[in-house]
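Chains as they are written, first to last, in the numbering used here: chain R, 533 to 854; chain B, 9 to 129.
For the record, the hints were derived by calculation from the structure and aren't laboratory data. A couple of the hints might just be wrong.
The calculated label-pair distances, taken between Cβ atoms and stated as ranges, are [to be verified]:
no. : chain 1 : residue 1 : chain 2 : residue 2 : range
1   : R       : P544      : B       : E49       : 54 to 62 Å
2   : B       : G18       : R       : N579      : 32 to 40 Å
3   : R       : D608      : B       : D44       : 44 to 52 Å
4   : R       : G788      : B       : G18       : 48 to 56 Å
Result set (DSS-like, lysine-lysine): computed pairs, CA atoms no more than 30 Å apart in a straight line [said to hold, decoys possible]:
no. : chain 1 : residue 1 : chain 2 : residue 2
5   : R       : K634      : B       : K79
6   : B       : K79       : R       : K812
7   : B       : K84       : B       : K100
8   : B       : K79       : R       : K826
9   : R       : K812      : B       : K54
Where chain R lies over chain B, by a calculated footprint (3+ residues, C-beta under 8 Å) [claimed, not checked]:
no. : region
10  : 21 to 31
11  : 48 to 54
12  : 100 to 114
The beta-carbon is built from N, C-alpha and C at its ideal position, and this holds for glycine as well.
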Amino acid sequence: MTYNGVAYAATPGESVLDLLERHGHAVPCACRSGVCQSCLMRAREGNPPAASQSGIKDTLRVQGFFLACRCEPEDDLRVELPADGAGRFAAEIVAITPLSEKVVELRATCPESFEYRAGQFATLVNEGGVARSYSIAGVPGLDDDLVFQIALIPCGAMSGWLSDSAAPGVPLHVQGPNGNCFYAASDAAQPMVLAGTGTGLAPLYGIARDALLQGHSGAIHLFHGSVQESGLYLQEALRLLEATCANFHYHPCVLGGDASEGVHVGPLDAHLLQTLGSLKGYRAYLCGAPDFVKLMQRKVFLGGVSLQEVFADSFLPAVTSR
Amino acid sequence: MSTLYERLGGEAAVNAAVDVFYRHVLSDDRINYWFDNVDMERQAAKQKAFMTMAFGGPHAYTGQDMRHAHKHLVDKGLNDSHFDAVAENLAKALGELGVAQESIDEVIALVETTRADVLNR
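Only chain B is shown next, with the shape it has when bound in the complex (with noise of 0.2 Å):
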């Protein structure tokens, strides 16, 4: 039985992934502000992390190590609005990248389970 992270492509289908979600992100303006201040290159390894994360792949993200990533952000008005906005930008570029609705599920039931520790409930 193969995992989640090895079905949609493993690293080769995270960078691809990465690169069309983190676009739809910066697109978003409901979401796209959060990230006006960020250093482009370093996004790109968190996002790939995130990726990685989401995929089900191999990762050593703590629900403390999200926690305190998003402390500042929570501190000055990350909710749940944003929360859904993104994962419907990791559903839609999935979708554009011919992933399988089954798939698609899957990834942002995993990324679901983060809510709590990325909202600081």
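Next up, chain R with everything else stripped away, as it sits in the complex (with noise of 0.2 Å):
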């Protein structure tokens, strides 16, 4: 076993876990019962016994996520801990196109050696140096660019570098991807529901179209959440894709005001509910603000999801330091 460069030998019946301990490296643990996950690792090469992958969501699984107590090596593995350096990776703006009043989408060149998921997120790094992070949009092998769905906050740093000074052809840095919240195809009729507000509908827009490109043959419910329907955007494109896949289902939803045909005004949460009823045997995807995601990790659990089938993305806002 490899880890940090530097080769290992476990003895018969001794884990990834105890054996990095007896090298005097700091793994984080708890329970050493397979149960608690603190010992969360990754193997970049080799495959991780079953046993020690056991309880780990699928999306972290196919990446070789492991856990360090439970995994006896069978074949040489090169691990690491999950909060690796990720690279950074040079870019350049292709396009910037405003989607609605406050939020714009920004293509930029996606550089050859990074690979994403559909759903999760990178950070973008300007000529400042400012980093923020946003979800991918985009889909691998659906967009040759990686898009991305940003909402323009004011005095926001990224989003006033954006709305302001930058434009095509400009550079930037990408770092990551980072992030579990992206389909993994573990069972192509299984129904799904997606719900998000605001740009939460970024990741949720590529978790689809990643999931009808490879073939998913099961319900796919998308709920986007915006206070007034001058938030919701995408509109014209969700219905498009709803006309073209039978199992595609598009649900916009506003708080309040005056609202278009085809678009529920109340709370998403209840809409979802009383549209799709039992929530059994689902997979939820859910994005947006922290408040709403927890709010309906909730909703969904107690309306029939089963725990290991939430998968949710909050959006933190940045916090500045003095």
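Using the supplied hints, reconstruct the complex from the two chains, each of which is provided in its own coordinate frame.
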């Protein structure tokens, strides 16, 4: 087994956790019973034994994550802790297009070695060194560029730069990708519910199109919520997707104000539960404001989604240090 | 002689039971406010650890862990009535999953052994 470029040999019955600790490496851990998942690590080469991946979400499993305390290596592994120093890639702005009054689409060149899954997020670093993380709305195989949907925040360091100074051809750097809120095809017929507010639509739009691209046959229900209809961007594209894919259903939803035909007025959570009824057997993807995500995690679970089938991505605001 | 954990169906049974049990807990107004601020993803792992222990399965939680984990809740008023309500929801969930009353009694007896530690007595 290799860790930080050094090879170690496990004795029979010795776990990766024990092995690393024996050599003086600190690995976060707690229960040492394969339950608490504190000792999550990732194999970058070799296959971790099945027992070490028990209880781990599919999305992590397919990326080689395993529990160090349950892992008695059977073949050569190259392992790392999940918080790795992610690579930094050079990219260039291709286009900045308004999607609504408050959201722009940013397209940047996708660096050759930048491999991502639709729904993951990446960190953008501009010329001035401002870094912000955004969900990727694009899908590998459908979009040549890296596509982001970015909310324009008043006085926002990155969004201000995007609306005032940035233009096609301007260089930036991309880090990542990170996150495990993406489509993992374990059951192509499983119904899925995707719910998001604001630019929480970005990863969901990617996940939905990725699922369709991978031949998902189960129903895909996308609920997009906004305070007013002006915040419901991409309506046309989503209605087109609904018209062309029999198993894709778009449910736009606003809290108040005038709404055009087909847009529900009222809270998204109640609308979702009323529309779908029991959520037993569903997989759920929830993205957007932290309070919304937290509320929906509980609502969809109580509605019948298994704990293991809830995938969430909370968008935390940037905190400026003084 | 198979263990209670094996008889109940091991890890697969734990996963099924966690969903049903935790759904009951979150729907029970006597206790659900204790879970208002928990992170659902972390809670899933914790509930699984709890259920594994309740099933007599492999776990490494000690009385000290139980004490430490519940100390701040006891300070806020966690008491026997809450412990009883959790146990009641657990029995109800297992009943719904078709677990024999005899095994439910064994599970509840195991959970009962943690009462003093959970309530920091």
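Going down the list of hints, with the structure as the test:
Restraint check, P544(R) to E49(B): a C-beta distance of roughly 35 Å breaks the suggested window 54 to 62 Å. Under the hint 32 to 40 Å, the C-beta atoms of G18(B) and N579(R), about 23 Å apart, miss the expected range. For D608(R) and D44(B), the hinted distance range of 44 to 52 Å is satisfied, since their beta carbons lie about 47 Å from each other. Checked against the given bound of 48 to 56 Å, the beta carbons of G788(R) and G18(B), roughly 50 Å apart, stay inside it.
The straight-line distance between the Cα atoms of K634(R) and K79(B) is roughly 46 Å, outside the 30 Å bound, and the hint therefore fails. The straight-line distance between the Cα atoms of K79(B) and K812(R) is roughly 35 Å, outside the 30 Å bound, and the hint therefore fails. Between K84(B) and K100(B), the direct Cα distance comes to roughly 27 Å. Compliance with the 30 Å bound is thereby established for this hinted pair. With a C-alpha separation of about 25 Å, the suggested pair K79(B) and K826(R) falls inside the 30 Å cut-off, and the hint holds.
A threshold of 30 Å between alpha carbons decides the hint, and for K812(R) with K54(B) the separation of about 22 Å falls inside it, so the pair holds. Residue count for the region 21 to 31 of chain B with a Cβ under 8 Å from a Cβ of chain R: 5. That meets the three needed, and the coverage hint holds. Counting residues of the region 48 to 54 of chain B whose beta-carbon sits less than 8 Å from any beta-carbon of chain R gives 6, enough to reach three: the coverage restraint holds. Coverage of a stretch by a chain is defined here by at least three residues with a beta carbon nearer than 8 Å to that chain's beta carbons; for the region 100 to 114 of chain B and chain R the count is 0, and the condition is violated.
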